[in-house]
Amino acid sequence: MNPQEQSIVKLKDNVYKTTCSGTVENWGQCFNKAKKTCQTGYTDIERLADGSGVHRSFTFSCK
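Here the sequence shown is numbered in our numbering, starting from 10 and rising by one per residue.
Just so you know, nobody snuck in bad clues.
Estimated spans, in silico, between C-beta atoms of each pair:
no.: 1; residue 1: 20; residue 2: 64; range: 13 to 21 Å
no.: 2; residue 1: 18; residue 2: 48; range: 17 to 25 Å
no.: 3; residue 1: 44; residue 2: 22; range: 16 to 24 Å
Below, a list of computed lysine-lysine pairs in the DSSO-like style, where the Cα atoms sit at most 30 Å apart:
no.: 4; residue 1: 44; residue 2: 26
no.: 5; residue 1: 45; residue 2: 19
no.: 6; residue 1: 26; residue 2: 72
Source of the hints: derived by calculation from the structure; they are not laboratory data.
Don't be surprised by glycine CBs; every beta carbon is placed ideally from N, CA and C.
When you get a sec, could you build the whole thing from the sequences and use the hints?
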């Protein structure tokens with residue numbers, strides 16, 4: 010794991026949240042984390058970004 014990469018937090022059964030903030034990570038990293046977590050695919054639950062586009066969070070569930 011990249012030392013700058015944020016971890017994935019399990020919120021409840023089959024629902025996860027991660028962040029991909031800053032200049033080191035982007036939305037692509039969030040989606041890759043979901044793919045690695047969910048071997049059979051994932052469903053977007055929520056994508057949040059602040060006005061600057063620097064702070065991003067992604068909530069998803071595994072299919």
